[in-house]
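Join the two chains into one complex using the hints; note that each chain is given alone, in its own frame.
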Amino acid sequence: MANIRAELVAPLPVPKQRSLAQQIVKNRHAYFYVGPALLIMALVLLYPLIYTIILSLFDTPARSPDYIFVGLDNYVELFNHQLFGLVLRNTVSWTIGGTVSSFILGLAAALLVNNRVPFMGVFKALLIIPYVIGHVTAAYLWRWLMHPDLGFISVFAQQIGVIDGPIPFLQDGDMVMWSLVLVNTWKTFPFVMIMMLAGLQAIPQDLYKAARVDGANALQQFIEITVPQLMPVILVTTVLTVIGNFNSFTIPWVMTGGGPASQSEIIITWIYATGIRNLRYGFSSAISVVLFMILSVFSYYYVRTLTRGSDRSAEFEG
Amino acid sequence: MSAVSQSSHASVQRASGRLSARTRRSIVRLTIIYVCTTILALFAALPMVWMFSTAVKPRAEVFREPTTIIPSNATWDNFIRVVQPTSTSGRYFGTYFLNSTIVSVSSAFLSVVVAAPAAYAFSRFRFPGKSPAYFAVLARNMFPLIVFLVPLFSLMTSLRLTNTYPGLILAYLTFTLPLSIWLLKGFFDAIPPELERAARIDGCTRFGAFIRVILPLTTPGLAATAIYSFIQAWNEFPYALNLAYSTQMRTLPVGMTFFFSENQSDWTGLMATAVIISIPVVIIFMILQRYFISALTQGAVKA
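Chains as they are written, first to last, in the working numbering: chain A, 1 to 318; chain B, 319 to 621.
Some clues are possibly wrong.
Unchecked claim - Listed next, with one range per pair, are the computed distances between beta-carbon atoms:
#1 E224(A) <-> S583(B): 52 to 58 Å
#2 C354(B) <-> V100(A): 15 to 21 Å
#3 Q220(A) <-> I357(B): 22 to 28 Å
#4 W394(B) <-> M293(A): 48 to 54 Å
#5 Y410(B) <-> Y301(A): 43 to 49 Å
#6 T349(B) <-> Y301(A): 46 to 52 Å
What the hints assert, rightly or not - Dumping the calculated DMTMM-like pairs for lysine to aspartate or glutamate here, alpha-carbon to alpha-carbon at most 25 Å:
#7 K26(A) <-> E580(B)
#8 K448(B) <-> D507(B)
#9 K26(A) <-> E514(B)
#10 K26(A) <-> D520(B)
#11 K448(B) <-> E512(B)
#12 K448(B) <-> E514(B)
#13 K209(A) <-> E224(A)
#14 K26(A) <-> E379(B)
Treat the hints as calculated values from the structure; they're not laboratory data. Quick reminder that beta carbons are idealized off the backbone N, C-alpha and C, glycines included.
Just chain B, with the same shape it has in the complex (with noise of 0.2 Å):
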């Protein structure tokens, strides 16, 4: 916090000549500051970099000693291998990437179609049944997946929706759907409600006022509610196991695992499919880390 005029003071100090003790103070604490944080850095970036590394190492290269960070010998083969059609290992790279896709993007934009409304009733209406509706969104956010797997599982199969993208969409609407609530909620807290009440006096319906004056205010906050889901229905495990076993309906995470167990030692493939599953959410993620961020926080900082 005192770094900047410090800093500032230090420029100055610097261009006469002669270092004082205040100086020296600061530049000792920029010192400390860049180096603890390169620490944290590498504890956060060295895995990435070893699973980038191993990705472009040829196979053999794996189990040679001794191991190191660079590859003598990068290559792009073991991203071919794993995405193309035509390899034992790359069958059905592209099916999964697909289901991800399909199922990720259409939990997101359904949670935040159907969150939306209800968040704006929770923020601005009063209604007999409204805490107790919203404690259990609340609620819901602490209960694992889990244990609700076994009951959902009976219950897809009575519906007829295992293995089918509406199945998965809907139970991954158990997690999405309470988190957009909340997340949204708190973007329609922060606007003030005079914007409806002079909207209703121009003679817009009630509806009417949420659909044209709200909802665009809240762009940002429907996007980083979306983003959200996306990223967590993208990354989901459990349910895409047990309600979407099919070859032809495994999520990415998924089909890794089952890349796992049948290559066990392919450390070099296993690697490159953890690289190009993690494009997509990095790369999302670094465009949209604003919305993201006030997403995660709002909550919480909101008091």
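The shape of chain A in the complex, shown without the other chains (with noise of 0.2 Å):
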């Protein structure tokens, strides 16, 4: 409507529509600089990409060389397999599990961090060490701890008196997901914390000043300037902890392998298991074309959060 408006009261210029080559053309320096990121990046993802669409059409038996053309059968056999469910239950526990308890640890170590109090930064130094750790030497350090009879955990536990055997945290079926759980909020919980530290730090101070002349205390504070401020900030991130988490393959495979009989099992480890360990690539592959759609539904939100920031900036460029 706005733009017939306009016609009629002062014909605007409109700019010469080039084709696409001539535009490719024009901006050619461009791929000059894009060029190589590209060319690596269609070698080692795109080509993958189309490979496992394509592999999870076949069949592939072990101890053989053929691909045997079986149309959608790994996908019907992975939706009626009976392990489909326990696998995704895990997963969701693995997930929304360590996304909820690291969330709450790092916002809380943020909130604790950033006042200006003496020693803070020695504090914050220390509580960032488990995210730069390494996921292979934190999986074999939580083992030692949750070793059920020479582990820290066990024997503290029982040495102060609140238990009177050893706890069985990666052998008890029940027990395994939420140990892994918690060593994946350990490992997590400074990355939120890091990121919340920033969105706070970005916060003009001004607005707790007025908020102070009208009377406000620090729970008000907390509500009506922290939260909505940090708003951005936690939404980025919690999308980055839910992919992270729902990707993350190395602690789990490390500390428990998917076992005691499956009871660890999450969909990244089961990619590999069936994959890798069991050779059946068409099967595995079929699992990783549902990860890439359930993946896409959290990419969309991840990309369109990351833009909307971006818009926003050139908003105020402008």
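What follows is the structure, encoded as structure tokens:
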């Protein structure tokens, strides 16, 4: 509507439409910059992606070089698989459990460290260390901490008399998933803390000053200023944490390998176990394709959150 | 936030000899802050203390009751055992360490070199195909490495790149490259385009302006991106396990899993290895903490 009215009032000069080829030629210098990066990405990402989708339609019997076309059989098998429900439930516990707990701890840590009192720099550095050390290192460290007979947690709990026997953190089917979530929380909460801290420090202090003048107490300041101001960072961090947890492989794989009796199998470890360990490439690829579809939903929100941010900054510039 | 004003207020009050209600409140507040922070810091650091404590215990002490955090006879034997080329468990340590260093440094360096021009183009130029390409860059961060493993393995086999440095470095670019492009674009976005315009007027070519004016200004960003890529590559596990599986090509995390499966109950040796692997990243991080944090947060907080 607005366009039509604008034309009636004063015909705007229409920018000359160039053909796609002309635009490409005109901007050829840009491809010189992005070319190498896009070539490598096509080789190591686009090719594997297409390969996975095609492979999911084939059966690859172990110890045989044959690829047998089976159509959607791998998908049918997947949805009827006895482990399918369990793996989905475990994946949800692992992803949501790890996200919620590291969010709570990370936000608490950020609010604490953000206080301008002595020694907070030291505390901050200490709190970040779990995020920096490797996943394999963390996995073995926690396997050792959670050792039922010799591990620190079991022994310490028995010494102070909280429990009277070894704790089977990774051996008990009902406990194993939550033990893994605990390890993941330890590894992930510093990331949330770093993000929240950056978000907190970007909040203009004038807002708090004004609120104090108006007589707002600490809780009111937190709800009325901190939370809404922090919202964009909270969104991005949550999406990143959900995706990071959903995709993390090393900690569950090194700590339990999906066991005992598949009780801690999540989608990622299942893809690895069926594909790399049991050499069922086709079936494993079918799980990967389903995973792609689930992740596309997350990535849509992630990309939208990120690009919305950059659009806003463009508005400020203009 | 208000702790500063309150604590300065507190010292004035204390000088007058009496504790007012306000002073008492700020002491309670400080106590709560320190107690909570200490609990969180213990959660983060106690496992590391236990790691170090096990690493300096004599092998037999681990199995002795009661278990203690402070070892009764601290020793460096475990460290020597796991790195000594003449001992069974330390035979390949040097090789693993060298492999990890070569692969991590090269991936960090390469991803910055390839990502910088691409990120610059995404930040400054308009060209057909820009949004789908940038979408691919962003979306890559969403997808787990594991799903690319089987196809990458077949690709590397046909290129004869399994068990080679270039093969593993190329595989590491799958995650360091998109991330570096994204991080660097943020740093380039922060530099006003007027700078290039001025450089062009002074006779610089477009590429010259990028190399001589913009890149030097982004040094902290380049450093942050390189560190981030280095730490990611140093800690990576599934690709290294499957694409560089020969004994001569294993990286440290992979070597660690083999150490564990070959020496099942050697917890002291395993923890000594864990300490050694962690030292480089923790030191790098401690020195360059500021850059690392700016790399992590710039995308999210920019808006």
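Going through the hints against the structure:
For the pair E224(A) and S583(B), the beta carbons lie near 57 Å from each other, so the given range of 52 to 58 Å is met. With their beta carbons about 19 Å apart, C354(B) and V100(A) fall inside the hinted range of 15 to 21 Å. Between Q220(A) and I357(B), the C-beta spacing of about 26 Å keeps the proposed range 22 to 28 Å intact. Distance hint for W394(B) and M293(A): a CB-CB separation of about 52 Å, consistent with the stated range 48 to 54 Å.
Taking 43 to 49 Å as the suggested C-beta distance range, the pair Y410(B) and Y301(A) conforms, at roughly 45 Å. At about 41 Å, the CB distance of T349(B) to Y301(A) disagrees with the hint of 46 to 52 Å. This hinted pair does not check out: K26(A) and E580(B) have alpha carbons roughly 61 Å apart, beyond 25 Å. Taking the CA atoms of K448(B) and D507(B), the gap is about 16 Å. The hint holds against a cut of 25 Å.
For the hint linking K26(A) to E514(B), the alpha-carbon distance of about 19 Å falls within 25 Å, and the restraint holds. For the hint pairing K26(A) with D520(B), the CA-to-CA distance comes to about 23 Å; that is within 25 Å, so the pair holds. Proximity of K448(B) to E512(B) is assessed by CA-CA distance (about 22 Å); at most 25 Å being required, the pair is judged to hold. With a C-alpha separation of about 21 Å, the suggested pairing of K448(B) with E514(B) holds against the 25 Å cut-off.
Straight-line distance between C-alpha atoms of K209(A) and E224(A) comes to about 13 Å, which keeps the hinted pair within the 25 Å bound. Note on K26(A) and E379(B): the hinted pairing is violated, with a Cα-Cα distance of about 73 Å set against a maximum of 25 Å.
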